[in-house]
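With these hints in hand, go ahead and build the complete structure from the sequences.
Listed below, chain by chain, are the residues.
Protein chains: 2
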Amino acid sequence: MIAVLRLGHRVERDKRLTSHVGLVARAFGADIMYYSGDRDATVEQTVLEVSRSWGGSFKAEYVGSWRTIVKRWEGLKIHLTMYGIPLKQAVEEIRAHHKKGENLLVIVGGEKVDAEVFRLADYNLSITSQPHSEAAALAVFLDWLFEGEELDRAFSDARLQVEPMARGKKLVRH
Amino acid sequence: MIAVLRLGHRVERDKRLTSHVGLVARAFGADIMYYSGDRDATVEQTVLEVSRSWGGSFKAEYVGSWRTIVKRWEGLKIHLTMYGIPLKQAVEEIRAHHKKGENLLVIVGGEKVDAEVFRLADYNLSITSQPHSEAAALAVFLDWLFEGEELDRAFSDARLQVEPMARGKKLVRH
Numbered sequence: 587m588i589a590v591l592r593l594g595h596r597v598e599r600d601k602r603l604t605s606h607v608g609l610v611a612r613a614f615g616a617d618i619m620y621y622s623g624d625r626d627a628t629v630e631q632t633v634l635e636v637s638r639s640w641g642g643s644f645k646a647e648y649v650g651s652w653r654t655i656v657k658r659w660e661g662l663k664i665h666l667t668m669y670g671i672p673l674k675q676a677v678e679e680i681r682a683h684h685k686k687g688e689n690l691l692v693i694v695g696g697e698k699v700d701a702e703v704f705r706l707a708d709y710n711l712s713i714t715s716q717p718h719s720e721a722a723a724l725a726v727f728l729d730w731l732f733e734g735e736e737l738d739r740a741f742s743d744a745r746l747q748v749e750p751m752a753r754g755k756k757l758v759r760h
Numbered sequence: 587m588i589a590v591l592r593l594g595h596r597v598e599r600d601k602r603l604t605s606h607v608g609l610v611a612r613a614f615g616a617d618i619m620y621y622s623g624d625r626d627a628t629v630e631q632t633v634l635e636v637s638r639s640w641g642g643s644f645k646a647e648y649v650g651s652w653r654t655i656v657k658r659w660e661g662l663k664i665h666l667t668m669y670g671i672p673l674k675q676a677v678e679e680i681r682a683h684h685k686k687g688e689n690l691l692v693i694v695g696g697e698k699v700d701a702e703v704f705r706l707a708d709y710n711l712s713i714t715s716q717p718h719s720e721a722a723a724l725a726v727f728l729d730w731l732f733e734g735e736e737l738d739r740a741f742s743d744a745r746l747q748v749e750p751m752a753r754g755k756k757l758v759r760h
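Taken in order, these protein sequences are the chains called A and B. Just so you know, the first sequence maps onto residues 587 to 760 in my numbering. Just so you know, the second sequence maps onto residues 587 to 760 in my numbering.
Hints may be right or wrong, so weigh each one.
Since the list gives no way to pick out one identical chain from another, each pair is judged satisfied if it fits inside one copy or across any two copies.
Keeping only pairs whose Cα atoms sit at most 27 Å apart, straight-line, the calculated DSSO-like set for lysine-lysine is [stated by the list, open to error]:
id : residue 1 : residue 2
1  : Lys657    : Lys685
2  : Lys663    : Lys755
3  : Lys685    : Lys674
4  : Lys645    : Lys756
For the record, the hints were derived by calculation from the structure and aren't laboratory data.
Given below as structure tokens:
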């Protein structure tokens, strides 16, 4: 089981960014997104509607305290941050844990991350040491973790499915 | 030279998303981001300030007509879209073009992409066939194109630089 924890969501400022983190988590093979900060029905709804249409059981779930979920997590905790050690240094180790069946909690920050997150994480991991985007960092991390296999994934019970084509759009409805 | 073209920016709705696309483009090794839609000083400023602090000469530049830049582009045009052919099917070919010194224009959509974009692109390429995030699609595409080498990239004239560490934050100021 792979969960993503998105910290410090703010309703006005982050609505679309947090939805994107959720959709990336789903598309790249995570099982659930928890988020802390402000509760936001729009985020939960957006993610739920995508799962309903495009398949799978991924959802976004609000947690009142990020500290509780991080402290009680049974498995590996990986915090994605530009200050951490480079992805390449640790990804094989993390993959080995995952393949042994350990749960992973992948933590992505909001604007300001509490210093405690850095201490509680088993890995503080950087996807480049440059400022960019939580959604992008999460996608690249999961892509390396799964070695690109997630790109071929099919979702169960999908009502909508893309038929890939060189030009134009083709949607299949089930 | 690798340019990113972000289509259909809307000031209110997309401010942070387009900035993220710009920062991802920079962090993962593109040279410039063009954007169409609404002109937005905040996006240009955000990207410029990151380049000033973190190095390199990446910038965001407004283009009045996406059609003109796409039609006049001398090099390969790659449109990232969930409807396109899978990344793995075409990335080696694209990489070969890039290694021969051809320019790449990587096009990422906004909410509604004109059918003409699909026709004008040399490749319509999907990073999963699921809905997620332009920033994430761009990051994963560039990461595959450069085979992870962009993750080790250093930026020239950086005033700020991260010293990666297992716990905590360390910034070096030059």
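Consistency of the hints with the structure:
1. Lys657 - Lys685: Result: close within a single copy only, 22 Å intra versus 47 Å inter.
2. Lys663 - Lys755: Between. Shortest inter-copy distance 18 Å satisfies the 27 Å Cα cut-off; intra-copy 39 Å does not.
3. Lys685 - Lys674: both (17 Å within a copy, 23 Å between copies)
4. Lys645 - Lys756: within (26 Å within a copy, 35 Å between copies)
Of the hints listed earlier, there is not a single one the structure fails to meet.
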